[in-house]
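Enquirer: The chain contents come next:
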Amino acid sequence: MFLKKTKKLETQIDQYLDLIIKGGLIFKLGIKSYLDNQMESFEGHLKDLRKVEETADDLRRNIEIKLYTRTLIPESRGDVLGLMESCDKVLNITAETLLEFSVEIPNLLPELKNDFLEIAESSISCLENTVSGIRAYFRNVDAVRDYVIKVQFYKKETNKIAERIKRKIFKTDNELSFKIHTRYFAFHIERIAEESEDVCDKLSIATIKRFE
Amino acid sequence: MDISVWFFISSGLFLGWSLGANNAVSLFGTAVTSRMIRFRKAAIIAGVFVVLGSFISGAGTTATLTNLGGINAIAGSFTVALAVAISITGMTRASLPVSTSQAVVGAIIGWNIFTDSPTDINSLTKIVSSWVASPIIAGIFGFIIFKIVKNTVLKWKIHMLEIDSYTRIGLIIVGAMASYSMGANNIANVMGMFTPASPFNELMILDFYNISGTQQLFLLGGLAIAVGIFTYGNRVMKTVGTDLYKISPITGFVIVLAGALVLWLFTSQSLEIFLLENNLPSIPLVPLSATQSFIGAVIGVGLAKDPQSINFKVFGKISLGWIIAPITAGILSFIMLFFVQNVFEQKVIQHVPYEISDSVIKKLKQDGIETEQISDLVNKRFLQNKIFKYELLKRHPYNTEQLYSIFRYAIIDSFRIDSMLVVRSLSDNLFSDHQIEEIKRLHGESFSHKIDFDNTVFCYRNQWELNGDLLRDKNISVKKNLIQNIFRVTSLNKAE
Numbered sequence: 001m002f003l004k005k006t007k008k009l010e011t012q013i014d015q016y017l018d019l020i021i022k023g024g025l026i027f028k029l030g031i032k033s034y035l036d037n038q039m040e041s042f043e044g045h046l047k048d049l050r051k052v053e054e055t056a057d058d059l060r061r062n063i064e065i066k067l068y069t070r071t072l073i074p075e076s077r078g079d080v081l082g083l084m085e086s087c088d089k090v091l092n093i094t095a096e097t098l099l100e101f102s103v104e105i106p107n108l109l110p111e112l113k114n115d116f117l118e119i120a121e122s123s124i125s126c127l128e129n130t131v132s133g134i135r136a137y138f139r140n141v142d143a144v145r146d147y148v149i150k151v152q153f154y155k156k157e158t159n160k161i162a163e164r165i166k167r168k169i170f171k172t173d174n175e176l177s178f179k180i181h182t183r184y185f186a187f188h189i190e191r192i193a194e195e196s197e198d199v200c201d202k203l204s205i206a207t208i209k210r211f212e
Numbered sequence: 001m002d003i004s005v006w007f008f009i010s011s012g013l014f015l016g017w018s019l020g021a022n023n024a025v026s027l028f029g030t031a032v033t034s035r036m037i038r039f040r041k042a043a044i045i046a047g048v049f050v051v052l053g054s055f056i057s058g059a060g061t062t063a064t065l066t067n068l069g070g071i072n073a074i075a076g077s078f079t080v081a082l083a084v085a086i087s088i089t090g091m092t093r094a095s096l097p098v099s100t101s102q103a104v105v106g107a108i109i110g111w112n113i114f115t116d117s118p119t120d121i122n123s124l125t126k127i128v129s130s131w132v133a134s135p136i137i138a139g140i141f142g143f144i145i146f147k148i149v150k151n152t153v154l155k156w157k158i159h160m161l162e163i164d165s166y167t168r169i170g171l172i173i174v175g176a177m178a179s180y181s182m183g184a185n186n187i188a189n190v191m192g193m194f195t196p197a198s199p200f201n202e203l204m205i206l207d208f209y210n211i212s213g214t215q216q217l218f219l220l221g222g223l224a225i226a227v228g229i230f231t232y233g234n235r236v237m238k239t240v241g242t243d244l245y246k247i248s249p250i251t252g253f254v255i256v257l258a259g260a261l262v263l264w265l266f267t268s269q270s271l272e273i274f275l276l277e278n279n280l281p282s283i284p285l286v287p288l289s290a291t292q293s294f295i296g297a298v299i300g301v302g303l304a305k306d307p308q309s310i311n312f313k314v315f316g317k318i319s320l321g322w323i324i325a326p327i328t329a330g331i332l333s334f335i336m337l338f339f340v341q342n343v344f345e346q347k348v349i350q351h352v353p354y355e356i357s358d359s360v361i362k363k364l365k366q367d368g369i370e371t372e373q374i375s376d377l378v379n380k381r382f383l384q385n386k387i388f389k390y391e392l393l394k395r396h397p398y399n400t401e402q403l404y405s406i407f408r409y410a411i412i413d414s415f416r417i418d419s420m421l422v423v424r425s426l427s428d429n430l431f432s433d434h435q436i437e438e439i440k441r442l443h444g445e446s447f448s449h450k451i452d453f454d455n456t457v458f459c460y461r462n463q464w465e466l467n468g469d470l471l472r473d474k475n476i477s478v479k480k481n482l483i484q485n486i487f488r489v490t491s492l493n494k495a496e
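As they're listed, the protein sequences go chains A and B. Using our numbering, you'd call the opening residue of the first sequence number 1 and step up by one each time. Using our numbering, you'd call the opening residue of the second sequence number 1 and step up by one each time.
Check the hints yourself; a few may be wrong.
[Stated by the list, open to error] Listed below are the simulated BS3-like cross-link pairs for lysine-lysine, each with C-alpha atoms no more than 25 Å apart in a straight line: (1) A:K209 <-> B:K157; (2) A:K66 <-> B:K41; (3) B:K155 <-> A:K7; (4) A:K179 <-> A:K32; (5) B:K155 <-> A:K202; (6) B:K150 <-> A:K202; (7) A:K209 <-> B:K305; (8) B:K380 <-> B:K394.
[To be verified] Over 12 Å on every C-beta distance to chain B, these chain A residues come out as not near it, computed from the model: (9) D48; (10) N62; (11) G82; (12) Q152; (13) F153; (14) S204.
[As the list claims (entries may be wrong)] To spell it out: a stretch of chain B is covered by chain A in this simulated footprint if at least three of its residues, at any positions, have a beta carbon under 8 Å from a beta carbon of chain A; those stretches are: (15) 33-44; (16) 156-162.
Because the hints were derived from the structure by calculation, they are not lab data. Here a beta-carbon is modelled for each residue, glycine too, at the ideal position from N, C-alpha and C.
In isolation and in its complexed conformation, chain B is listed as follows (with noise of 0.2 Å):
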């Protein structure tokens, strides 16, 4: 692997140190602060659960931001993993609450804007929906469980030196459940960015268990996260937490086990198929701002104790906070990708070339998008995103949406069906016979469009067609995107 990797990939590494430093407090400031736990014992627990929680179930919100923007080029990763860096550690200093959370999103919007790449506002309007969601859901939590504790456990007249171990143990169990919750929600945060260019391949240990270069890049910056609240963690404790965070420890406990809640709803996959196995919306796989829930968990509590203790100001001043990052981190993006590109000659986007196809226009057509004045630019080749964003919009007043939907069907891929790979990764268990059989006689057949791919694979028979049934359709979803990762020719694929 080339050296300078490991430099590019310094920034995630820095941004996951300075999460990890800044959100340690969330996970067990009370413990500590109030001495329930000493620092070291929770610091170890943290570090650990962090990392597992990236490692084991980091892959749900990472797929989310991926789709937001698609950075493609390890120097562009590198820039907007900095960018988001320098803003949150800008804004710490200016004592501004801050969220890595929406310090990302906004420097992926602004690398989509400096190369010109649509932003998928169906991901975007997710992400901003969840940020408001979040904390009202963890509020609404800390009153239930507030409430539920008050009227229960305080009236079990246990004795207050074991509600003290019953605490410190709730406290651990908790705070590791947060951490682990927060590992897997947020190292979409730290990695994200760079999963589309992972310069990790692929790694086999005693030839059965594999983990993937995603896999490999999670570790990593789980590590940074836990070396973060490791390193610096205690001093951002004692700061931060003697202010904000200094609650009794079972309130302490409430807040911690709300926002861990809230958390780990919008990262477990195995959440998500339970409700729709019972057909119930699911809840939406975003990277949400840690802080964010556990400041909506002590709104919550507060509203079940006293409503008149809260001070809405100092809410509304944390609120501009929430406002004010991803602006910065965008706007801070787009000035760093400039430099990087034009002064140190980096190449922050990968170029991929588009196409419009007569099975786009087609595809276009039946998603009602306005094609007859692009007709002229069918079967052109357009190697620059800036140059096909702007024949477009000459064309045509596109809406972002519209463009984003473009873009995702023009673009060049490249597919081959090859029926020995059908052996080696189809599994019985996912797919039927019939399903394999039908994939194995287009054997030799390549496409170098994906909805071309998708037209000819998926739409043979109605097994394929989503029909509103949300487990079957996502089912069916994941098969698909199974099926296209198999067959997709790569440059690693190219090579052998």
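Bound conformation, chain A alone (with noise of 0.2 Å):
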């Protein structure tokens, strides 16, 4: 009886981490549309993710709001609320590179395409360890370190894979313009990672406080 609201808002939480993980599919299937050239396919992708970032944003102050009126979790919420927003930042910017690829449309070269899909894979893998980690921190404490450490393989994959692509291009006898805006694009994509990895720091800090 007294936990129906608590409930409730359990599953607001989980709803918005859903959405995250959502985001990060979509963006997969819209740089895969994209290197397939489905131009049509990637616009109705790029649509989803800017409704799906709406409405996180929606569900977060809704549950921010919560949170704070009815003196949840005071020791922690602080913390909670820091890893939400960090996470609406990561889908923020999924959906801004895919606009991004949709407003630029950049000529990336064919024997790049494996590469740009890699490295699409490798930072959304980041992004679901992240919101992986960030559920674990709610119900099983224990586990977040194992997200965090995944989510840390992740990244330096990412940089790695980014790096290739920058080598690979810059190797090209192509124009220096055409060259460093190919390099832009892996460097957005890497952004995900960077930022999920950044999400991972704030967490194991937040688990730490929680052992306090």
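Hints are included, so try docking the two chains, each in its own frame, into the full complex.
Expert: In structure tokens, the structure reads:
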């Protein structure tokens, strides 16, 4: 009975994290569609991602208000809200990146297609493991460490792939502007992993604080 | 009732108020400072349960405190309570942690010294050893409960928000438990010294519920503690709570639970009976320091978390306060009693006569106390403690324990056996027909010494003798007390 409101809020937090995961999956599909030159499908994914981003924003605000007005988890709510806001930032980066693809329509070399698919996969793995880590923070603190390690691993992989893309592109005889433009997109996708790792750092500190 | 009585009781109420204000932080400090529970809610819960605890279960610890020093004049009680309240206020202002229980015991001993009344070393030892034991037990409880919580509840993969809800409910429950236990345990500190000189008569409510004078005092004291929590608890929580009690809500829950359990252990008469029924050693019912128990629990939890995190220097400073408090209160009580008696000409002790009879000598011999040198004092009546003590010590260097025994046996009491009272007051459930008949047969007999009364009424049969069976002995002692109280001729009975 007394847990009814709590359970509802728990469900909302889970729904919010589901939206982040969903956003990551849409991002991967969007990149794949772009690389396969299926622009209609790509624009559909971009539209979906922006909708997910908006819904996630509304849900996050709703959760924030509830946590504050009902003075729930007073010791941890700052951390929880910080983590959610950081996740939101990562989701925004994914949407912004797809939007940039849509606006700038970069001409990516076919030999880089697999590299771009890989970097998108690796960055989103970072994001997914971050979300799993946050879920663990709520229910099973001991498991947080496992996810943090995975995030660190995928972030390094993402850096390696980004570096590989940059090296490959700068070895070609294309125009410098073309090279820089391509590098810029690798850099944007890489940012998803970078930001995810930042969220994970906050998560590690929040986890230590829970044991205090 | 004389209006001056309210003036005298006011110092006890002041003491209750300061106890409430100071101890609210132990009960709900973590819950309020961590914003898990609003102060208003916490104060209502604490206030209600403190009053209930003091009213329902306050008798156990009061008996121990009354044994230590039976302050029998209301001006004496007033002065002792005021001395405690002043020393607590002074020490709190000097930022020294202070325990009301210790200050009270110190002040009562101050009264004993001033009035030349011997101190019951047995009760004192019981109290002092409980002070040492209680933080240690609280520490052990804190350690164990924390380990259990960490290795079970936190491993059950419950959502953080659900843990938050459970913790809130837990904090309310243990806070209420702690408030009840504190009320029951500490009411002796606030009103214990007024009970021998209680100005209240028995009160019948709706012809079936009887509230004794002592219970009325306890109710009043409980209300004073509750008012202290309401009016000043929040301020103390804001100043002290944020430094000392800045602990996570779950840890706070463990600490309050451990502290409340210890207070309950040293307060519960039901637990005492349970232990005795199972042939286990019982725990003395002693007024403890709530703060001391909670600090013990804090250390226990600290050891469970990380032993290196405990600052033993701070602990040393706190312990020093526990030694200074009773000494300061004792000295202050002595000085104030001197002024109240000699400057304001108030009676701080109701002198009772002492007389060593042959039966007293016999009893003392049984206890192994030297009697040859005091044989010339037999059948001489002494109206002042001081002179009686002087005469005794002039003849033999008795120690405090021996002096206490001589005073206890030689005090002139007044008992008269009335068969009408036997019929009216001795319940068939408690006493056998045979026992009742034996007492009835003594109708009309009167005694001036308690030991004569005991020798006549209780030594006829083996059934009154204590034989080492803890529960049986306890029951016999309760029955004996009941019979003594029924046939004791008090000033009230005399008027009838």
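Enquirer: Indicate, hint by hint, whether the structure satisfies it.
Expert: Hint by hint, here is what the structure shows:
This hinted pair checks out: A:K209 and B:K157 have alpha carbons roughly 17 Å apart, not beyond 25 Å. Proximity of A:K66 to B:K41 is assessed by CA-CA distance (about 20 Å); at most 25 Å being required, the pair is judged to hold. Of the pairs offered as hints, the one joining B:K155 and A:K7 holds, with about 19 Å between alpha carbons and a cut-off of 25 Å not exceeded. For the proposed pair A:K179 and A:K32, the alpha carbon gap of about 21 Å is at most 25 Å, so the pair holds.
For the hint linking B:K155 to A:K202, the alpha-carbon distance of about 22 Å falls within 25 Å, and the restraint holds. At roughly 23 Å between alpha-carbon atoms, B:K150 and A:K202 fall within 25 Å of each other, so this suggested pair holds. As the CA atoms of A:K209 and B:K305 are separated by approximately 13 Å, the hinted pair is consistent with the 25 Å bound. Proposed proximity of B:K380 and B:K394 is supported: the alpha carbons are some 15 Å apart, at most 25 Å.
For A:D48, the condition that its CB be more than 12 Å from all CB atoms of chain B holds, with the nearest at approximately 29 Å. Every CB of chain B is more than 12 Å from the CB of A:N62 (nearest about 14 Å), matching its label as outside the interface. Remark: the non-interface label on A:G82 is consistent with the geometry, its nearest Cβ contact in chain B lying 14 Å away (cut-off 12 Å). No beta-carbon of chain B is positioned within 12 Å of the beta-carbon of A:Q152; the least distance is around 24 Å.
Even its closest Cβ contact with chain B, about 24 Å, leaves A:F153 beyond 12 Å, as expected for a residue assigned away from the interface. Every CB of chain B lies more than 12 Å from the CB of A:S204, the least distance being 16 Å, so the non-interface label holds. Evaluation of the coverage hint for the stretch 33-44 of chain B: fulfilled, as 3 residues show C-beta separations to chain A shorter than 8 Å, against a requirement of three. Coverage of a stretch by a chain is defined here by at least three residues with a beta carbon nearer than 8 Å to that chain's beta carbons; for the stretch 156-162 of chain B and chain A the count is 6, and the condition holds.
Taken one by one, the earlier hints all hold for this structure without exception.
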